[in-house]
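Visitor: Please put together the full structure from these sequences, using the hints given.
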Amino acid sequence: MIQRGLRIKRAPAVLHSTRSISGSFALPVNKTLEVLKATNANFDGLFSHSALDQLWFKQGNQLIQNLNQYLIQATNLEDKPYTLPELVAATINKPDLYHIHKNASKLHNLQQYFENLRPLQQQGGFFEVVRPNASSLLETPQGASFGNVPTDEVLLDWINHSFGSVVEFRTLLINTAKAIKGDGSVWLVAESTIGQNYLNRGSNNAAISGFTSTPAFHNLAIVVTYNGGTIDDSERSGQIKRMKSMLQGEIEDGAKVEEELEEGEAQQEKSINESDVAGALKLGTVEEAELETSYLNKKLIPALSIDASPRTYLLDYGVFGKQKYLENCWECIDWDVVLRRLPKRSKQAISV
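With positions in the sequence shown counted from 1, the corresponding number in the working numbering is that position plus 18.
It should be emphasised that the hints constitute simulated quantities derived from the structure, not laboratory data. Computed from a prediction, not measured in an experiment: that's the story for all the values here. Some clues are possibly wrong.
As the list claims (entries may be wrong) - Below, simulated BS3-like cross-link-like pairs (lysine-lysine); rule was C-alpha separation at most 27 Å, straight line: (1) Lys-112 - Lys-55; (2) Lys-342 - Lys-55; (3) Lys-76 - Lys-274; (4) Lys-112 - Lys-316.
Said to hold, decoys possible - Pairwise CB distance ranges, derived in the manner of DEER restraints: (5) Val-167 - Asp-114: 43 to 51 Å; (6) Asn-237 - Ala-108: 28 to 36 Å; (7) Gly-200 - Pro-113: 20 to 28 Å; (8) Pro-361 - Asn-178: 28 to 36 Å; (9) Gln-91 - Lys-365: 43 to 51 Å; (10) Asn-237 - Asn-193: 14 to 22 Å.
Idealized CB from N, CA, C, for every residue including glycine.
Guide: This is the structure in structure tokens:
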């Protein structure tokens with residue numbers, strides 16, 4: 019059973035803290051947001067004080083309350099200390115732990131989002147969030163007129179290699195986020211070309227000659243998740259096959275009822291035996307193999323998260339303000355956090 023006592027382990031004071039807790043979670047510590055709350059200040063450049071309180075503190079605490087409630091009720095989850103990402107991974111594709119997984123993943127996404135943002139340091143002081151009106155829908159986007167361009171040479175080179183330029187990357191990021199309908203996030207991820215599971219196919223799990231046995235990250239990519247979805251390879255692997263199996267099962271269940279009414283007991287037994295023999299000799303198709311292994315040899319590491327859900331912009335920007343909200347998000351990205359999340363880049367000699 020999950021322990022009900024609250025056990026909180028605080029990390030040293032940094033930009034943010036992570037906590038490893040057995041049985042109960044608390045809202046992750048973000049020193050920047052704590053200071054803004056204590057001083058009743060706005061998140062300059064992006065959110066008013068009231069919007070920040072609603073989006074981080076109230077929403078976060080509600081997710082914590084829901085998560086802890088479902089953890090108490092869980093009977094088939096191993097009782098051990100979990101970090102938030104570990105809890106998300108441990109509950110993936112387990113219907114009986116759906117509520118735990120969904121609240122944990124939403125909390126994890128919320129934490130990732132606010133960690134990679136920082137208040138805008140505006141020269142001259144106060145920055146006011148402008149609430150757009152209907153006429154803003156006809157305005158031309160900023161295009162190449164923007165600030166907060168990454169200055170790290172390695173990151174700049176990686177962005178230019180993957181997207182063509184910072185302008186093209188920013189345009190793709192904002193337009194992808196703007197196209198999200200309902201709850202969803204857009205992510206910048208580092209993508210491996212060939213994964214460890216694919217390469218370790220030699221004798222005694224030795225790597226194929228000429229290749230590294232660990233994932234090599236060559237490219238950056240934009241990925242979208244919906245309704246609390248996370249960037250997790252184990253969730254993506256086999257998802258197409260699981261969906262097809264579920265739909266096929268529903269069709270077969272309906273057909274089986276009619277078949278049992280028409281066929282006799284002897285014919286049913288014969289049919290089953292023949293099916294077993296055919297199944298034992300069948301190798302399977304290329305499509306089935308692809309559905310089984312899709313994303314199995316891919317590795318994605320999230321570096322940047324932008325929440326494009328209506329709740330994030332409606333309070334301050336209104337129904338016409340999504341474009342302005344996303345443009346302001348860009349200006350508030352903390353590229354130092356993005357750099358810390360990115361893996362070491364491996365420049366590829368060939369395209370796979």
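Visitor: Each hint: holds or not?
Guide: Hint check:
Between Lys-112 and Lys-55 the alpha-carbon distance is near 37 Å, which puts this suggested pair outside the 27 Å criterion. Between Lys-342 and Lys-55 the CA atoms are separated by roughly 24 Å; this keeps the pair inside 27 Å, and the hint holds. For the proposed pair Lys-76 and Lys-274, the alpha carbon gap of about 50 Å is over 27 Å, so the pair is violated. Proposed proximity of Lys-112 and Lys-316 is supported: the alpha carbons are some 22 Å apart, at most 27 Å.
Our hint of 43 to 51 Å for Val-167 and Asp-114 holds, since their Cβ atoms are close to 47 Å apart. In this structure the hint that Asn-237 and Ala-108 lie 28 to 36 Å apart at CB holds, the actual value being about 29 Å. Against the hinted window of 20 to 28 Å, the Cβ-Cβ separation of Gly-200 and Pro-113 comes to about 22 Å, which satisfies the hint. Against the hinted window of 28 to 36 Å, the Cβ-Cβ separation of Pro-361 and Asn-178 comes to about 18 Å, which falls outside the hint.
Taken as a hint, the range 43 to 51 Å holds for the pair Gln-91 and Lys-365, whose Cβ atoms sit roughly 49 Å apart. Between Asn-237 and Asn-193 the CB atoms are about 19 Å apart, so this pair conforms to the stated range of 14 to 22 Å.
Consistency note: the structure conflicts with the earlier hints numbered 1, 3, 8.
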